[in-house]
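> Full structure from sequences and hints, please.
Quick note on my numbering: the sequence shown kicks off at 1 and runs consecutively.
Careful, some of the hints might be misleading.
Claimed, not checked - Once the Cα atoms are required to be at most 27 angstroms apart in a straight line, the calculated BS3-like pairs of lysine-lysine come out as:
(1) K52 with K270
(2) K557 with K505
(3) K270 with K557
(4) K82 with K139
(5) K82 with K131
(6) K129 with K139
Hint data in this document are derived by calculation from the structure and do not stem from the laboratory.
This one's a predicted model, so the numbers in the text were calculated from it and none came from an experiment.
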Amino acid sequence: MDSSDEIGNNLADLKETNIQKMDPSLRILRRTRSLNAPSPFQQFGPCGRIMKNSAMVMQIQDPASQRLTWYKPPLAVLVIKKVRDSTVLPPFVQLVEWLIQEKNMVVWVEVAVLEDPLLLEDKRFHKIKDKLVTFKDGKDDLTDRIDFIVCLGGDGTLLYASLLFQKSVPPVMAFHLGSLGFLTPFQFDNFQEQVTNVLEGHAALTLRSRLRCMIARKSATMDYDYLPMLENIHGSTRDGSTNILVLNEVVIDRGPSPYLSNIDLFLDGKHITSVQGDGLIVSTPTGSTAYAVAAGASMIHPSVPAIMVTPICPHSLSFRPIVVPAGVELKISISPDSRNTAWVSFDGRNRQELLHGDSLRVTTSIYPVPSICAQDQISDWFDSLAECLHWNVRKRQKCLDELSDLTGSGSEDTLDELLVLFADGKDDLTDRIDFIVCLGGDGTLLYASLLFQKSVPPVMAFHLGSLGFLTPFQFDNFQEQVTNVLEGHAALTLRSRLRCMIARKSATMDYDYLPMLENIHGSTRDGSTNILVLNEVVIDRGPSPYLSNIDLFLDGKHITSVQGDGLIVSTPTGSTAYAVAAGASMIHPSVPAIMVTPICPHSLSFRPIVVPAGVELKISISPDSRNTAWVSFDGRNRQELLHGDSLRVTTSIYPVPSICAQDQISDWFDSLAECLHWNVRKRQKCLDELSDLTGSGSEDTLDELVADGH
Numbered sequence: 001m002d003s004s005d006e007i008g009n010n011l012a013d014l015k016e017t018n019i020q021k022m023d024p025s026l027r028i029l030r031r032t033r034s035l036n037a038p039s040p041f042q043q044f045g046p047c048g049r050i051m052k053n054s055a056m057v058m059q060i061q062d063p064a065s066q067r068l069t070w071y072k073p074p075l076a077v078l079v080i081k082k083v084r085d086s087t088v089l090p091p092f093v094q095l096v097e098w099l100i101q102e103k104n105m106v107v108w109v110e111v112a113v114l115e116d117p118l119l120l121e122d123k124r125f126h127k128i129k130d131k132l133v134t135f136k137d138g139k140d141d142l143t144d145r146i147d148f149i150v151c152l153g154g155d156g157t158l159l160y161a162s163l164l165f166q167k168s169v170p171p172v173m174a175f176h177l178g179s180l181g182f183l184t185p186f187q188f189d190n191f192q193e194q195v196t197n198v199l200e201g202h203a204a205l206t207l208r209s210r211l212r213c214m215i216a217r218k219s220a221t222m223d224y225d226y227l228p229m230l231e232n233i234h235g236s237t238r239d240g241s242t243n244i245l246v247l248n249e250v251v252i253d254r255g256p257s258p259y260l261s262n263i264d265l266f267l268d269g270k271h272i273t274s275v276q277g278d279g280l281i282v283s284t285p286t287g288s289t290a291y292a293v294a295a296g297a298s299m300i301h302p303s304v305p306a307i308m309v310t311p312i313c314p315h316s317l318s319f320r321p322i323v324v325p326a327g328v329e330l331k332i333s334i335s336p337d338s339r340n341t342a343w344v345s346f347d348g349r350n351r352q353e354l355l356h357g358d359s360l361r362v363t364t365s366i367y368p369v370p371s372i373c374a375q376d377q378i379s380d381w382f383d384s385l386a387e388c389l390h391w392n393v394r395k396r397q398k399c400l401d402e403l404s405d406l407t408g409s410g411s412e413d414t415l416d417e418l419l420v421l422f423a424d425g426k427d428d429l430t431d432r433i434d435f436i437v438c439l440g441g442d443g444t445l446l447y448a449s450l451l452f453q454k455s456v457p458p459v460m461a462f463h464l465g466s467l468g469f470l471t472p473f474q475f476d477n478f479q480e481q482v483t484n485v486l487e488g489h490a491a492l493t494l495r496s497r498l499r500c501m502i503a504r505k506s507a508t509m510d511y512d513y514l515p516m517l518e519n520i521h522g523s524t525r526d527g528s529t530n531i532l533v534l535n536e537v538v539i540d541r542g543p544s545p546y547l548s549n550i551d552l553f554l555d556g557k558h559i560t561s562v563q564g565d566g567l568i569v570s571t572p573t574g575s576t577a578y579a580v581a582a583g584a585s586m587i588h589p590s591v592p593a594i595m596v597t598p599i600c601p602h603s604l605s606f607r608p609i610v611v612p613a614g615v616e617l618k619i620s621i622s623p624d625s626r627n628t629a630w631v632s633f634d635g636r637n638r639q640e641l642l643h644g645d646s647l648r649v650t651t652s653i654y655p656v657p658s659i660c661a662q663d664q665i666s667d668w669f670d671s672l673a674e675c676l677h678w679n680v681r682k683r684q685k686c687l688d689e690l691s692d693l694t695g696s697g698s699e700d701t702l703d704e705l706v707a708d709g710h
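Next comes the structure, spelled out in structure tokens:
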């Protein structure tokens, strides 16, 4: 029996869900489901590799493996219910009664709950009222007194739980009894069984990151520009100020002023841009589906470690939302020439004025909100997108009776031909090149990525083309710059690539049961060769006059069907290419993520989404589609995707090590400004006499001043 027969038999056994029948060596190599990106291959060509820095290495657990466990039985449960909603009262009484009588738990509620006149009329509640332990918001510290939280209501109940616990948060189980329910995945019908499962430790967790915010007042004596923001287990900073932790977003707006906001934005101390408009939203991935999405941002899965920055009605055609790594520190302050102040709110609360000279500093907190999943991290989020936001909901296009007339395949430029060309032993550059220098535009870097379909040597790109987003070096003093790189004085941006493979219907293997595996030879278990892309893989309708009808799967789960001109699956590097032209947000290349962007979708609700880098996407033609689709990889190797074929995409272990001219942050933001003119507009003039228009000590109104010729 040859190897292909052996693999075929093993796949048949796997399809019968008997994985033990598989060959042991294949079982060891089996790809395990992970939401984290695979660890990048850290040798770049024969000579280059990442310099080890043990002080900066972090071990991050795969979000898909995060499950709840109790190291001692939970006894105290906090029940938070939606206020001023009579429909929540019967479930509240039923739950509290069951927790006390059946589970022998100590139930905590807010004092205001006992003052609800409708509850006081409930006879069942009178029997348990005296057994409840109460607290008052702002006065009683619940730290280390609550083991478990149950929320009854809408998303606001989860935000309130986050507000109550400004350090470590107990696990939160949220039941949907409100209006929207994006963050409340549980239904109340069988709450006994669901709560019992959680109390027994049978639950997946989504760790929803929070933002740590602190306002530095001008009147303070300390120099905050040189004081790194520090968070410890007491939730305070080194200067004694208390942090505010937010689950959704911090919003900076113009408040009651009639003038544009004029806000300066800094990232890790570097001035990035100035915002002129109604304001700015800094949100977590959880908050990307709240105010941010209403302001035009993409939606980020909560397991993606990132921060979203979204302008509110910017007076600039080029200010798209951006996604930056979760570890950066943002500083927001009023521009010196601003005509007015700004106002800040934290998850819709604690609204206060940001004065000239004040600054707001924001970064990711070490205290997430552990939200209990009803199913798992992926299913809960996509179900909420569909049910609450009606993501990509539209009436289905009817199929045609005669499909065969539309399915011709005449592509001469196939994936196999291209890969044979570079894998026949004649032009294979693997382990023969130590260092790459690109002269031209962004296409030269894409071509370098194409040449090296496994480990890529370090790439130094000089801007001699038209756009130059990926080519940070200027050629004027190339001798000095190249010498610095050859001596090892250079920072690297590891630009992730997507690993793509087309499974043809004519193949004998069942790809639905074959996890896509990449090893050091760059091939899959069935012998097919992967193609790696640096920017994006594009699936479109090709020459057909009909809408594309494409099914999208994520880790085997059907997510949605795309009806429109097509779909773009891009890396963070590619988010500033075709994806941004199609309306996506721009993602810093250090963010471990994959961007999915529709092309002209015939759906008002299909916003681009950002998913964890470790997921596996599968794209296929819908069975009722009127036509086929066409696929291209970084603009090359265009070929037809027929009915029954599928394209599988995930993050490769082989990034492109792009050498920085300055550093990872400066290069990217400089490229945004210089190449895409990000948030470039004519500055609003400041007023010569600001006091005359602000109502401080002046009896003249603006109308009077204008009438008098001022």
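> With reference to the structure, classify each hint as holding or not holding.
Results for each hint:
| no. | hint | result |
| --- | --- | --- |
| 1 | K52 with K270 | 26 angstroms, holds |
| 2 | K557 with K505 | 20 angstroms, holds |
| 3 | K270 with K557 | 42 angstroms, violated |
| 4 | K82 with K139 | 20 angstroms, holds |
| 5 | K82 with K131 | 21 angstroms, holds |
| 6 | K129 with K139 | 21 angstroms, holds |
Hint compliance for this structure: hint 3 is the single one not met.
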